[in-house]
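Residues per chain are reported as follows:
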Amino acid sequence: MKTAVIEKTNRTEKQTLADFLVKFSRVGILLLLSLGITLLNPDFLKISNISNVIRTASPQIIIAFGMTFVMLTGGIDLSLGSAVTLTSVVAGYVLTQMDVPWILAIFASLLVGALSGLIIGLLISVVKLPPAVASYGMLWVDRGLAFAIMGAKPFFDFHEDFRYFGRGSFLGVPVPIWIVALITIALMLLLKFTTVGRRFYALGANSYAAKASGLEVKKIILQAYIFSGVLAAIGGLILAARLNAVDQDLGAPFLMPAIASPVMGGTSMTGGQGGVGGTVVGALIMIVVTNGMNLLGISSLWQQFVTGVVVILAVWFDILMRKRS
Amino acid sequence: MQNRSKKFSLKAFLVGIQPVNWVLIVLIIFFSLASPTFLSIENALSLSRQGALLMILCMGVIVIKITGGMDLSNGATMTLGGMVMAWAMVNLNIPLPIASLLAILTTIFFGFLNGFFVSVLKIPSFISTLGTQGIAVGLALGMNNGNVIGNLPKEIGVIGNNDILGLPIPLWITILAFILTFILLNHTKFGVYIYAIGGNEEALKLSGKSVLMYKILAYAYSGFMAGIAALILTSRNMAAQPTVGLGMEFQAFAGVVLGGSFMAGRGTAIGAAIGAIVIIVLRNGLNLIGIPTYLQLAIFGSILITAIVLSTLMEQNAQKWLEE
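Going down the list, the sequences are from chains A and B.
By the count of the numbering used here, the first sequence reaches residue 325 at its end, each step adding exactly one.
By the count of the numbering used here, the second sequence reaches residue 324 at its end, each step adding exactly one.
Pulled out of the complex, with its shape left as it was, chain A reads as follows (with noise of 0.2 angstroms):
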């Protein structure tokens, strides 16, 4: 037990240089693919272009974010897309059929994100389910509650105020922009400044030595997985702010570029490794790769094929190089 730990303190600071060059390349795939398609298409590159590319990419990046979390402590989640269209659905629902101020959408869309995490939580870190089967189980119950609540009819046409979170602009950048900055930001700090953020990397890097030490693992792992259904309603709330609509297909697309992000970005399936500013690089990547589809003119149903191959061969990837190293 004490050398497998004195091991992976070992590993992980050999890692750091090999880190570093990962981290660099994957900037550098992504300037490559960016000047690939700005071949295809000159008009790529021009900063109106960029800033609409991000404005429509800011609930990606954030549902990754979320993901980004429960890796770190080595989970997954793969009920994210169903919580993006549970948490879409429930402020939609405030919307448009309560007669309560707008604000309380969010509060409620947060709410409810928060407990589908929770749920996830309880049941990795007191039932002791295996976090797939846990969040796939989560998948289809959040699915079947944005259909129960919908019932047959979608909801559209939000307040105007709402809807700025999603169309509006501010000192001429886009909203969505200014969230998914603040939230990179802070949650870069409490990664790395802070002990919750800390306790991640501890959990997932060594869930023996952290639970030996006295760490409260449920406690982490409630964290992590309310952080993730929380960031997953921020996105479908930003969602729903821009589309002006939300139906129960709505985050389904979400699931598969929320795990290749935080992979590509670095972030080890198996914990303790990676963090958010990865993520935001893997997450352009995916997405300059389906902008890259559209100008190449490969229809949007081949898509899910391509986002297949991508996430398998990220994760392959991930694999490959920390065995290497």
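Take every hint as true, because none was put in to throw you off.
Just some of the chain B residues that point at chain A, by a computed CB distance under 10 angstroms:
1. 122
2. 132
3. 133
4. 135
5. 136
6. 137
7. 142
8. 145
9. 247
10. 250
11. 253
12. 254
13. 264
14. 299
15. 300
16. 316
Derived DEER-like restraints, expressed as beta-carbon distance ranges:
17. A:111 with B:183: 46 to 56 angstroms
18. B:121 with A:188: 24 to 34 angstroms
19. A:156 with B:291: 20 to 30 angstroms
20. B:247 with A:196: 35 to 45 angstroms
21. A:52 with B:154: 47 to 57 angstroms
22. B:188 with A:298: 41 to 51 angstroms
23. B:176 with A:244: 50 to 60 angstroms
24. B:186 with A:212: 35 to 45 angstroms
25. B:291 with A:31: 50 to 60 angstroms
26. A:101 with B:45: 52 to 62 angstroms
Think about it this way: if two alpha-carbon atoms lie no more than 25 angstroms apart in a straight line, the pair counts; the simulated BS3-like pairs of lysine-lysine are:
27. A:128 with B:122
28. B:189 with B:122
29. B:205 with B:122
30. B:122 with A:323
31. B:205 with A:323
32. A:323 with B:209
Hint data in this document are derived by calculation from the structure and do not stem from the laboratory.
Heads up, the beta-carbon is just placed ideally off N, CA and C, and yes, glycines get one too.
Chain A is already provided as a structure; the job is to place chain B on it using the hints.
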């Protein structure tokens, strides 16, 4: 090893099979009181037609589940199999038997792919099968621009809609699939390895046995079952729709877990079959008592989570009792 696997199946019998039987009995009593048509022979026969797909998929999933994996791709590969079959018949004028073979080969290929990713590349099964799910969905959508393939030759309807000796053909196929899975799991070397992989993969590796091949075969078997299901699906609908089977993987997962396979090394063919029946009965019963479709999924998901939690807690307590 012999002794241990015996103890395992006994425990699985005690804590795995029992609760699901009770659930089934309660559901049947409840629905037959709530709806007079529930316990009719007609309903049972139509159930056996509708339920065949799920039951057959469960027979594949149970094998993977025992090794400790998940299969999230079979709904999508089943759909793709149907699309391939219909496409080949319509565009290449390939006769039905060969088109059927093509469908099964397609799904088996995806099974091999899953097995390769999981055992050779060491990608966790839920990621591998989620990835192949995306690939299969993309192919099924892209190959015919998202459209349904109809206008199939009439003889395709035989498997899904005809009877042999008064019983629907899908029911016969289901029974065969069950017997095959039962024999494979209980009376072959393959079965011994599957349980051993789930019980303690490391020990098996240390004993110098090759785990790789058996793991790949387990996923390929699930692919094979998805192919059989694809035939019935396409035959029953007389058409291939690119999204028709999506979500089936959850029902198959749920059936297998309800049937007692809630952790690696655990589960039986009989348990999976009963679990599948529970889900078929639940779906049918909810329809018969007039619960709207949009509420069914929520009820369904909540029941599943509750069942998983209860059986896991019971399992943990049972272990405590055994230790005392």
